[in-house]
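Single-letter residue listing:
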Amino acid sequence: MPSNRWGRHERGRFPRGRAAIAGLATWGMGEAPGHTTMEIAAQAGLRAVADAGMTIADVDALFICLPDDIFAGLSFAEYLGIDPRFTDNNRTGGSSFMSHVITASLAIAAGHIETALIAYGSNQRSAGGKLSTPVTWNQWDAPYRALFPASAYALAASRHFHEYGTTRTHLAEVAVAARQWAQTNPEAFAKDPLTIEDCLASRMITTPLAKSDFCLVTDGGGAIVLTATDRARDCPRAPVPVLGGAAATWYNSVAQSRDITTTAAAESGPRAYRMAGLGPNDIDVVQIYDAFTINTLLFLEDLGFCAKGEGGDFVSGGAIAPGGRLAVNTNGGGLSCGHPGMYGLFALIEAARQIRGDAANALPNVATALAHGNGGTLSSQATIVLGSIDTV
Amino acid sequence: MTAPVEPGPEAHWRAALQEGRILLQRARGSGTVFFPPRLAEPGTGDTDWEWVEAPALATVYALTIVHPRPPKEPYNVVIVDFDGGGRMMGRVDNIAADAVRIGMQVAPRIVTIADEPAIAFEPVGQA
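Note that the protein sequences, when read in sequence, are chains X and U.
Counting from 8, one number per residue, gives the positions in the first sequence under the working numbering.
Counting from 1407, one number per residue, gives the positions in the second sequence under the working numbering.
Be aware that one or more of the hints could be misleading.
Said to hold, decoys possible - Taking lysine to aspartate or glutamate pairs in the DMTMM-like style, the calculated list, with each CA pair at most 20 Å apart, reads: (1) X:K218 <-> U:E1479; (2) X:K218 <-> X:D205; (3) X:K218 <-> U:D1499; (4) X:K315 <-> X:D266; (5) X:K218 <-> X:D199; (6) U:K1478 <-> U:D1499.
Claimed, not checked - Computed far set for chain U versus chain X, every beta-carbon distance over 12 Å: (7) G1426; (8) G1437; (9) P1448; (10) T1453; (11) E1456; (12) V1458; (13) L1463; (14) I1501.
For the record, the hints were derived by calculation from the structure and aren't laboratory data.
Where a beta carbon is used, it is the ideal one built from N, C-alpha and C, also for glycine.
Just chain X, same shape as in the assembly (with noise of 0.2 Å):
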């Protein structure tokens, strides 16, 4: 493992707690036609600054991405007609939102800024469908004419079939899990009934990954208001203090993974559970990105709530779905909940949720959730721990 050839997990610090999300709002979900993808952004974080109590007034920094805008952050600060003394739109892909609190956290922590909006939006729906992003392959890979970014994971899969014997009905369990729980959330865009023979059925487009195994292709907009946990503590909102967070980037291209079974996530995962004090018995509930249904075996391996290879046996038997061992994207996830091309800052907001009580599949006494973003193609991965304010 390169993590332990570096020894990168014996390194690094976090303040545990002193961070904590303080409004949180969505918009958009699914359909917005006529709003640019900063009018969505806007509508979340508007909303999320509302939620906290807080006015654009309150934000002094700003963290942002945008599908057609590289210099988004500063797009945000014009937009808001504000002055943050920090802006930062780093992009780690779909993992960023969590890196976004990471930097935040340390800031917050450091007393080197208050309040950080985080927000993202995206119109790839209403916009024709097509992927809002000029990323595709590097110009090694670009030659062979895999499709960007769906062979990258399928590749994954083919390894992870040959190695540990998954099957295709074990992708169809992560599809119709993910299905299940977004029957039951009116913010969910697909909720059409979903049988594992559906899967099974499903038209296949980059072996061994058939539609059924894709996430949807959605508009949709999200933002948290990060700050101190005692100042979260005024606000109308239950705090969601941050426990621990931690990021790692193992390469670019899938093509240049060392083990390509396992992600990068076997080192954020550790690191953010160090930091927070707890282990994956400890986690309440599980958001992760499942951009394909390969995406949940992998990052439920490689953050520990099973072994190495076993990510197929784990899920099967409607084991994530809804009465299921372990609430895994209880919004329905990218597969079925929705997915605008970048859905890291919504498996944060749902594990959020899910602590202050108000998620559409609300589970009782949630102390404890894990939020894992995954950025490129499999590349760059972070996990955020979350908590209720009796865990610091």
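Guided by the hints, dock chain U onto chain X, whose structure is given.
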């Protein structure tokens, strides 16, 4: 002022491919073979490396069959490991798309893709 006196590793690699040679890099210290071309051994930054010819054999590490909408034909995309080190994306020619297997031995060759020289693979010792 330091003026560059020779092309960077990528340009050198592409010029060699144009001449019919597939090159990899090998760090002299660790013996690690790596690809794509770069200035220093990944992970160590060791700049003491040499160009080596790619070996005649490689192994399919991962594979997918892309299924475009008919009438376009399905085609394979693979990740291959060169014997001795170096991992790259590629394709396996001269075989039915659904007959490619992980673990299959393949040999690199230079082909033309989009008017540029590129590397593809073909099966070795197939019945």
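Which of the numbered hints above does this structure break?
Violated hints: 3, 9; rest satisfied.
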